[in-house]
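Peer 1: Sequence:
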Amino acid sequence: MRFLTFVSAALLAALASLAIPAQAADKVTIAAAADLKFAMDEVAAAFRKAHPGAEVTMIYGSSGKFHTQIQQGAPFDLFFSADVGFARELRTAGQAVTEPKLYAIGRIVIWSTSRDASKMTLSDLADPTIQKIAVANPRHAPYGKRAEEALRAVGLWDSLQGKMVFGENIAHTAQYVQSGAADIGIIALSLALNRELASKGGYALIPDDKHAPLEQAYVITKHGEGNAFAAAFAAYMETPEARRIMRRYGFVLPGEAAAAN
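Numbering (mature numbering (1 follows the signal peptide of the UniProt record, and there is no 0)), first residue to last: -24 to -1, 1 to 237.
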């Protein structure tokens, strides 16, 4: 399955990119949170059509790990974080040359391929027939942190620890469910809306009031300073086409209200 190979392929690409010297002006390398995989692939494709001379490389993973890699000198030109906090820290540390720009607010869902999740609530996760629950690692994955907050809000985080399996990022978490290694997952709405995953299972939105907002922001990194295509890609995120794509994957855009999915 194509989606199952995504995490390992992205990791190999990320490791390979660390050995690449300073990029030419017509190239832009973008580190993006894993929840953006399907949406940003489409945005990048649209950007390439609008800028035929641009070579755009998208690398997906956990925001926390990208944050660490950028501090250590990884040659990413743009960083699209799933948590504005990581972007702010890079700016404060002098590793970003722009202020964090909010581009979306993410949402989390209960998702399953083995049972009907469409009417499930967080409290249903205590069902003894549910053996394994996949959650992104809250130590470095913002979507995992919000999942933890939501489960704590209903008093289940501690009692469900024995059922938990932790993904390295939110895409890895979805992989656990898709492969059958977990019965249920708390994943990004943006992944659940992808055609391939949507055909495998249903989802139920987790109420926004159960967790802090998933405010997602990007920065141009120190490495990307002066890269015209990095600046152009950042500007492209404000275009109607990019916003249409992001909205279709369930993201709440700055200045817009959340839709009931």
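Do not rely on the hints blindly, as some may be mistaken.
Claimed, not checked - Dumping the calculated DMTMM-like pairs for lysine to aspartate or glutamate here, alpha-carbon to alpha-carbon at most 25 Å: (1) Lys186 to Glu214; (2) Lys108 to Glu172; (3) Lys25 to Glu217; (4) Lys198 to Glu214; (5) Lys139 to Glu125; (6) Lys77 to Glu172; (7) Lys3 to Asp100; (8) Lys3 to Glu31; (9) Lys176 to Glu232.
Please keep in mind that the hints were generated in silico from the structure rather than gathered at the bench.
Peer 1: Hints first: check each against the structure and report whether it holds.
Peer 2: Tested hints:
no.: 1; hint: Lys186 to Glu214; verdict: violated (29 Å)
no.: 2; hint: Lys108 to Glu172; verdict: holds (22 Å)
no.: 3; hint: Lys25 to Glu217; verdict: holds (12 Å)
no.: 4; hint: Lys198 to Glu214; verdict: holds (22 Å)
no.: 5; hint: Lys139 to Glu125; verdict: holds (17 Å)
no.: 6; hint: Lys77 to Glu172; verdict: violated (30 Å)
no.: 7; hint: Lys3 to Asp100; verdict: violated (47 Å)
no.: 8; hint: Lys3 to Glu31; verdict: holds (5 Å)
no.: 9; hint: Lys176 to Glu232; verdict: violated (30 Å)
Comparing the model with each numbered hint stated earlier shows that hints 1, 6, 7 and 9 do not hold.
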